[in-house]
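**Q** Residue numbers (the working numbering), protein chains in the order written: chain E, 1 to 319; chain F, 1 to 82.
Note that these hints are calculated values from the structure, not bench results. Treat the hints with care, as some may be off.
As the list claims (entries may be wrong) - Just the calculated beta-carbon pair ranges, DEER-fashion:
| id | chain 1 | residue 1 | chain 2 | residue 2 | range |
| --- | --- | --- | --- | --- | --- |
| 1 | E | 173 | F | 29 | 33 to 43 Å |
| 2 | E | 1 | F | 40 | 51 to 61 Å |
| 3 | F | 42 | E | 267 | 52 to 62 Å |
A virtual CB, placed ideally from N, CA and C, is assigned to each residue, including glycine.
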Amino acid sequence: MPYDVIIVGSGAAGLSAGIYAGRYLMKTLVIRGHFGGETATAGQIWNYPGAPGMDGYDLMKNFQTQAKDAGAEVIDGKVESASKDGDCYNVTVGGKTYHAKTIIFAQGAERRHLGLPNEENLTSKGVHYCVTCDGPVYTGKTIAMVGGGDASIKGIIDLAKYVDKIYFIVRAPALTRPEPVNLGDFGKLGDKVETLFDTEVKELVGESKLEKIVLSKELDGSKELVIDGLFVEIGAKPDVAVPTSLGVALDKFGYINVDNVMQTNVPGIFAAGDTVNHFGPFKQTITASALGAVAATSAYNYHKKHGELCTKHWKVNPK
Amino acid sequence: MADKPKVKIYSTPTCVWCRATKEFLDEHKMPYEDINVAQDATAREYMFKRSGQMGVPVIEIGNEIIIGFDKARISELLGLRT
Chain E
1 MPYDVIIVGS GAAGLSAGIY AGRYLMKTLV IRGHFGGETA TAGQIWNYPG APGMDGYDLM
61 KNFQTQAKDA GAEVIDGKVE SASKDGDCYN VTVGGKTYHA KTIIFAQGAE RRHLGLPNEE
121 NLTSKGVHYC VTCDGPVYTG KTIAMVGGGD ASIKGIIDLA KYVDKIYFIV RAPALTRPEP
181 VNLGDFGKLG DKVETLFDTE VKELVGESKL EKIVLSKELD GSKELVIDGL FVEIGAKPDV
241 AVPTSLGVAL DKFGYINVDN VMQTNVPGIF AAGDTVNHFG PFKQTITASA LGAVAATSAY
301 NYHKKHGELC TKHWKVNPK
Chain F
1 MADKPKVKIY STPTCVWCRA TKEFLDEHKM PYEDINVAQD ATAREYMFKR SGQMGVPVIE
61 IGNEIIIGFD KARISELLGL RT
């Protein structure tokens with residue numbers, strides 16, 4: 001029999017949807033790509049109610065346990081394709097096709113890259129996108145951070161525990177987006193951090209590893225800056241290839257377009273978390289969780305009204 | 001039956017994929033040596049020479065190097081059923 005709902009993604013949105021769908025007694029499958037999503041790599045989280053200072057990875061493990069306890073089945077893999085099959089949907093993962101009455105896309109977003117020519121070659125060879133993962137590798141070294149938003153400020157606060165010197169490269173003329181509490185901690189780092197406003201990285205230099213970067217303007221008489229590592233925190237772009245293949249419409253920013261109950265333009269398909277722009281740039285564990293809960297409730301309501309159509313289709317066309 | 005190859009994980013304390021790798025090996029009761037490259041500069045240099053990577057985890061199974069938590073490759077090399 002088909003699943004009542006397949007949830008694509010296992011971050012805060014996907015696992016919250018799994019908890020709610022499970023408790024609605026829906027036959028639920030969660031497809032786990034990057035376990036825990038952005039929350040898992042966020043380090044300590046201080047603004048998720050009820051769990052102050054909890055490590056994001058541990059928080060996501062709790063979410064997952066709760067989803068499994070509610071009855072959700074979890075498998076590993078990346079969705080390769082999806083298609084409509086009568087009144088059901090097919091979702092293919094690792095060469096195996098699963099069938100569902102509804103889908104919730106909660107696969108999150110991929111970290112944005114700088115788009116420089118040498119960037120892919122130097123990824124994990126001096127160029128990094130995850131401070132909690134790779135920051136401690138640079139203990140006692142000199143690094144740079146590209147950013148300007150809250151994630152970059154949090155990243156610098158974490159990196160300062162390990163590295164000797166941080167150049168903070170900010171395209172804007174001032175810091176306006178970070179949370180005040182994080183800016184307060186950032187301000188206490190003193191000379192360890194040198195902030196370069198109105199500055200961009202124009203070139204990454206190195207072959208087997210990053211050796212230096214070229215800036216858009218001079219620092220101490222040179223545009224070249226010798227560093228050991230570069231961390232990039234310039235936001236994320238939603239992963240929408242599979243949903244758009246089903247005819248799901250995007251908004252003008254490239255996120256999945258949803259209404260107030262997380263329904264897309266395609267009946268039976270819902271979306272939540274960082275794949276949607278419901279709260280604009282305010283993308284938090286708590287907002288992703290809320291969106292996942294709403295999406296699961298909408299999938300449940302849709303399933304109650306229309307799920308029988310898929311069941312009938314399935315009986316006539318068994319797999 | 002042949003002995004299982006030795007497993008070394010080059011990791012940092014805060015890396016979630018390092019934790020996921022270790023939890024996976026724990027689940028399969030597979031012993032491993034956990035090497036913290038944040039503290040051990042010699043191991044960090046070795047990791048870079050062997051893998052070309054400054055990102056973690058790097059997993060050494062016998063003479064094989066695996067970059068990142070590649071569950072399928074780890075399972076294959078260790079003969080684990082997943």
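**Q** Identify every previously stated hint that the structure contradicts and give their numbers, smallest first.
**A** When the structure is compared with the hints, only number 1 turns out to be violated.
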